[in-house]
Amino acid sequence: MLSTGLSTSITNQLSLRGNWEPKQLNNDDYLNPQVGRRFLPDNTGYALVVSLTADLYSLQIESSGEMAGKVVVPNTEIPPDENIITFPINPKYIKNGTLDGKVGLVNDPDYPNADFQRGSYFNTSEAYVLKNKIDKQTKDAELVFEQFNASKQGRSKDTNLSPAKAIQAYNFDEDYARQSLVNKYVWTADGGLYKEENQAMARTQASFSGAYNLTFAAGPSAEMETAFFIGVYSSIDSLFGSQINVSVTKSRSESRGFGLEASVTGDPTLQGWEPDADNGSGAYSAQACPGKVNAYRFMSYYLAPSTDNSEALLDTVIDDNWYRFSNDPNAIALRSAMIKNNKAWRVLYRTTYVSRVPPHANNSVDQTVGPVVNQAISVEDNQLLIALVQTELGTQLPTKVNLGKAIMQVFKPGKGQSVLSNYLPWWQAFIDSKDPKDIDTFNQLQLDTLEFFVTGFANGQLISTAQQ
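Residue numbering for the sequence shown follows UniProt numbering, beginning at 1 and increasing consecutively.
Mixed in with the good hints, there may be bad ones.
To be verified - Distance condition first, Cα-Cα at most 25 Å in a straight line; then the derived SDA-like pairs of lysine to any residue:
{"id": "1", "residue 1": "K412", "residue 2": "L462"}
{"id": "2", "residue 1": "K184", "residue 2": "E126"}
{"id": "3", "residue 1": "K92", "residue 2": "T449"}
{"id": "4", "residue 1": "K195", "residue 2": "D110"}
{"id": "5", "residue 1": "K434", "residue 2": "K195"}
To be verified - Simulated restraints, written as ranges between beta carbons of each label pair:
{"id": "6", "residue 1": "N27", "residue 2": "P359", "range": "15 to 25 Å"}
{"id": "7", "residue 1": "S285", "residue 2": "L447", "range": "25 to 35 Å"}
{"id": "8", "residue 1": "S355", "residue 2": "N27", "range": "47 to 57 Å"}
{"id": "9", "residue 1": "S285", "residue 2": "L25", "range": "15 to 25 Å"}
{"id": "10", "residue 1": "A458", "residue 2": "P329", "range": "55 to 65 Å"}
{"id": "11", "residue 1": "D440", "residue 2": "V419", "range": "17 to 27 Å"}
{"id": "12", "residue 1": "T265", "residue 2": "G69", "range": "50 to 60 Å"}
{"id": "13", "residue 1": "W322", "residue 2": "Y57", "range": "25 to 35 Å"}
{"id": "14", "residue 1": "P329", "residue 2": "I78", "range": "27 to 37 Å"}
{"id": "15", "residue 1": "T441", "residue 2": "Y57", "range": "24 to 34 Å"}
Rather than coming from a laboratory, the hints here were simulated on the basis of the structure.
Note that beta-carbon positions come from the ideal geometry of N, C-alpha and C, so glycine has one too.
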C-alpha cells in the first residue's frame, strides 16, 4: 500500500500595539488623574486581501524627456497572492483601550454619553443576537443530519448528497469556512479565566477502484486402450493451474478544521500610580484605584463570508475620513479593492459585562453631604419637550438609563433626523456642528435635561405610562 499526505496550517493574527499617553507635568492633566498615565493601544483593524502585483511606468515626451503621465500595468508573471492591509477603526464605533466607553469612572472623549449609554465594545443586545443566530445555524445543521436517512438513500441508489454537503462547516467548492463561530470568556484581575472556545471540522472523501481476475489451467493428458481377451484401459492426466486477482483502489480525502482563539491577559494591577509619592519618586497606591476594571465578560465571533460583512467594513468599521481622503498606501489600496459586492469573513468582539473598583467610601462625618432636596420643575414651559421624551420612553420605567436613552432619541438619534428639528429649524445644524463650544453646550444640555426629568418624576410632577 502506498500513501502520501500533506498538511497546511494557516493563521491570521493581530497583536496589540500602541504607545504611552504623552507625559504631563501635572497629573491632573491626564484624562483620568486617578488612573494616571495610560498605555494607549492602537485602534487598528486587519484586512486580508488577495491582490495582484502591478508595475508602474512613467510616460515621457521623447523630445524633451519630461514626464507626461503614469500608467499601471498588472504583472502577469506574478500570480494573485495574499496581503495584509491594516486600517484605523472608527473610534466612534469601537475604540481599543476602553471596554464600554469609559476610562475608569471618566467618560472617554469619543463617548461623552457613556454614563447614559455605554459605547465601544459594550453592546449586549448585538452580542446575544449574533450568538443566537450562530447557535441556530448549528442547530439547523444538526437537524439536517438527524433527518438524513442513509439506509433509504442507499436502497434507492441515489448518490446525491447535496443536502448533507450544504450543511458542512467548510465549503470545499469555494474554499471558505461556512460555519460561524462564537466563543465566550470571563476574566478577573484575581487570576481567574473562563474560556469556551469552539472549533469546526469538515471532511470529504472520494474513492476509485478497479479489479482484474484471471483463472488459468494447463498440463499433459494421455489415453491408451488395448484389446485382448482381457481388456486394458489406462488414462493419465497431469494438470496445474493458477488464479490471479488484482484489485487497485485510489482514494483522496480532504479535511478542514478551523477555530478562533483570543489571548486574554488584562491588567491585574489595580493600584493607581501616584507620581508625587515617595518624595517625588512615585509609587503605587496602597488601595485599588477606583474605576479600574477588576472583571469583565466578552464574546468573540467569526462570521462566515457575506456581503453584509463587506458593507459593514466600509460603512461602519473603517475610519471614514481616512478611507476617503488619506494618501496612506493602505487607504489607496482599500479604495481600489473590490470590497462592496464581495463576500468577506469577519472577526469581532463584544463586551457584555464590566466590573470596576468602586469609589472609596468617605466615612468622615464632617464631610458627609446631605441629601439633595428635589426642587419643583416648570412643566408649563417645557410641555413640548416633555411630550417628546414621554413618547420615546413609552411603557418603560423612568430610570436614569431609560430617560437618558429617550432624551438621546429626541435630541440626537443614532440614525435619521432628530425629531426636535421638526419644531426647531436650527436644531439639526446645531447637533451636527463640529465646533467644540457647540459640542460642550450640547453635552451640558443633555445633563441638564436628564436632571430635569429625574427631578420631575421623583417629586411626582411627571408620571410615566409605566407608573399609571
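Going through the hints against the structure:
no., hint, in the structure
1, K412 x L462, "holds (23 Å)"
2, K184 x E126, "holds (14 Å)"
3, K92 x T449, "holds (23 Å)"
4, K195 x D110, "violated (30 Å)"
5, K434 x K195, "violated (43 Å)"
6, N27 x P359: 15 to 25 Å, "holds (18 Å)"
7, S285 x L447: 25 to 35 Å, "holds (30 Å)"
8, S355 x N27: 47 to 57 Å, "violated (25 Å)"
9, S285 x L25: 15 to 25 Å, "holds (20 Å)"
10, A458 x P329: 55 to 65 Å, "holds (57 Å)"
11, D440 x V419: 17 to 27 Å, "holds (23 Å)"
12, T265 x G69: 50 to 60 Å, "holds (52 Å)"
13, W322 x Y57: 25 to 35 Å, "holds (29 Å)"
14, P329 x I78: 27 to 37 Å, "violated (18 Å)"
15, T441 x Y57: 24 to 34 Å, "violated (55 Å)"
Hints 4, 5, 8, 14, 15, counting from the list given before, are not met by this structure.
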